[in-house]
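**Student:** So the protein sequences, as listed, match chains A and B. Per the numbering used here, the first sequence starts with residue 115, numbered consecutively. Per the numbering used here, the second sequence starts with residue 1080, numbered consecutively.
Keep in mind the hints are simulated off the structure, nothing from the lab. From the three backbone atoms N, C-alpha and C, an ideal C-beta is built for every residue, glycine too. Treat the hints loosely; a few may be bogus.
[To be verified] Label-pair ranges, simulated between beta-carbon atoms:
no.	chain 1	residue 1	chain 2	residue 2	range
1	A	GLU264	B	PRO1134	57 to 63 Å
2	A	ALA180	B	TRP1111	45 to 51 Å
3	A	ASN382	B	TRP1111	26 to 32 Å
4	A	LEU291	B	TRP1111	58 to 64 Å
5	B	ILE1287	A	GLN181	53 to 59 Å
6	A	SER275	B	LEU1284	44 to 50 Å
7	A	PRO219	B	ILE1193	28 to 34 Å
8	B	LEU1103	A	LYS220	44 to 50 Å
9	A	ASP222	B	PHE1088	50 to 56 Å
10	B	LEU1284	A	ALA276	40 to 46 Å
11	A	THR237	B	ILE1193	27 to 33 Å
12	B	GLY1121	A	SER136	29 to 35 Å
13	A	ARG163	B	GLY1247	34 to 40 Å
Residues per chain, in single letters:
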Amino acid sequence: MGLYIDIKKKLSGFTLQIKLSSEQEIIGVLGASGAGKSMLLHCIAGLVRPDEGQIIVNGKTYFDAAQKINLPARYRKTGFLFQNFALFPHLTIEENIAFGLDKFPKTDQQQKTFALMKRLNITDMAKRYPSQISGGQQQRVALARALAVEPEVLLLDEPFSALDNHLKNHLMKDMQLTLKEFKGNALFVTHNMEESYRLCDHIAVLNAGQVETFASKEEVFLHPVSLETAQITGCKNIAAAQCKSTYTAEVPAWGITLHTDTSILSPNGFVGIRANHIMFAESAGNNCFPVWIADESRSPFRTTLYLKIGSAANGTDDYHIQWEISREQREKISKLQSPFYVFMDPGRVFFVEN
Amino acid sequence: MHFDWSPAFISIKITLIATIIIFLLGLAAAWWMVNYRGRWQGLLDGILTLPLVLPPTVAGFGILLLIGKNGPIGKLLGMFDINIIFTWHAAVIASIVVAFPLMYKTARGAFEQIDPNILNAARTLGVSEWKVFWRVSVPLARPGIAAATALAFARSMGEFGATLMVAGSIPGQTQTIPIAIYFATLGGEMRVALFWVLVILSISLTVIVIMNNWNNAQRKLKLGAGGK
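Same shape as in the complex, but just chain A (with noise of 0.2 Å):
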């Protein structure tokens, strides 16, 4: 049981060129925007025909270019919640729910329309249309809408992205848990680290229409294997780097020599720490630098500093480096004198060819 896919299409710019195969039940696939994602779900859907390849899913064949097989968009049991939820305009909640129930005898639709609507809690609202509820309502009943046909494959084409901050933080708690109960494949897309990493297990990073890294998400955060990753992982510090041992890069642009804990393959690339996995540090030692202060901006619970390594910043935007910490961290920073040390950890550093 499980996702495989293995699809071409040509369009203009690039080629969408997927091949991703998983049993995991959860998988974010990542990508800046007009990196082919939305076209990976229209592809699965059937609403758009890949030029070559297959896609099985759940060991049916829903396209298989060789053999001519082309399942329509109605024989292929996926759930698809767009990133405008695209609810019908001219039918109610309840009716929007049932849309897709009517193979089933009246009774039968209403139970799980009841059942559905209870689940995720938007029972008192059946009656109402569309555009008199919230968004975050609309959200709900756009998930309850493709939960209601049973899919195998639940295709989630950033759903969060229409959505005010402060419902967010609820509304992807809701859809953890209806990610949880719900028994089969789910892919989930979005150009949002944070999104991603809290909702899946497993990311795949999509990188000019092909897939980069498919991992657990510890593993793409922590250990990127492209400088594109890298940046739509949400790292900020990148530098170019060459290689003087198999565990030690020279980086030119910051004037350090950086440890780390994996092996360096290549004589050239790019060495990144993330702005928060930097520590402070007592004194100089091994992959401990004296920094200057460039610049701060301030987020209501975090400050990220701007940083320049080895010697005193000529204005703000005179810096090598980006280091977020808590408000009470820099308290206490602000207490001592520049320059002061800073430690990046050498399993933290990340080495990726160029």
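Starting from the structure of chain A, add chain B where the hints point.
**Tutor:** Leaving out everything else, chain B in the frame of chain A:
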């Protein structure tokens, strides 16, 4: 003096039948063309829209060529002893040909306005294309379809040139209101002509106003934005 009411009945009969046929044909053609992705798109659209820009006499001439005694369809019907030319059936055909593009164009525009995700959502829910069409596309395009129908009705009601060519002006049989106006004016019966002018004006205006009102009422009922 006995007043001849027949043009009114003939006009209404022809227009109603033509509108029903145009409605079905126009919807089907519009929906089909919206989903058609082939390379003949431009040409097909041109052919379907052509009667809108051609003089009705050209449409009439074309119909005569097809269903006249020596035309291919005319010959075929002749084998069963059926003659259409100069009957009210020919007037219905003329109305359909001339008013069809209005239905087709307007309905197509309305279908194209629908968010493709909504139609895709319906498809992934396992329903047939037929249900997608009747339960989603048509209701969502309803304002446009209603406008299209009203326009086709009004155009059909006012059809003159092609009708005169293929159905003639036989009082009590094929003489519609527009044709009655023409011949009344020609014969100097200005009062009769004026009467029919007012009749056709009020019928067409009424239909369009009713369609608009019905549409607005429906919209308020269903999509009352924000109302709790």
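**Student:** Please go over all the hints and tell whether each is borne out by the structure.
**Tutor:** Do the hints match the structure? See the list:
no. : hint                             : in the structure
1   : A:GLU264 - B:PRO1134: 57 to 63 Å : 59 Å, holds
2   : A:ALA180 - B:TRP1111: 45 to 51 Å : 31 Å, violated
3   : A:ASN382 - B:TRP1111: 26 to 32 Å : 57 Å, violated
4   : A:LEU291 - B:TRP1111: 58 to 64 Å : 44 Å, violated
5   : B:ILE1287 - A:GLN181: 53 to 59 Å : 54 Å, holds
6   : A:SER275 - B:LEU1284: 44 to 50 Å : 48 Å, holds
7   : A:PRO219 - B:ILE1193: 28 to 34 Å : 30 Å, holds
8   : B:LEU1103 - A:LYS220: 44 to 50 Å : 30 Å, violated
9   : A:ASP222 - B:PHE1088: 50 to 56 Å : 51 Å, holds
10  : B:LEU1284 - A:ALA276: 40 to 46 Å : 43 Å, holds
11  : A:THR237 - B:ILE1193: 27 to 33 Å : 29 Å, holds
12  : B:GLY1121 - A:SER136: 29 to 35 Å : 44 Å, violated
13  : A:ARG163 - B:GLY1247: 34 to 40 Å : 53 Å, violated
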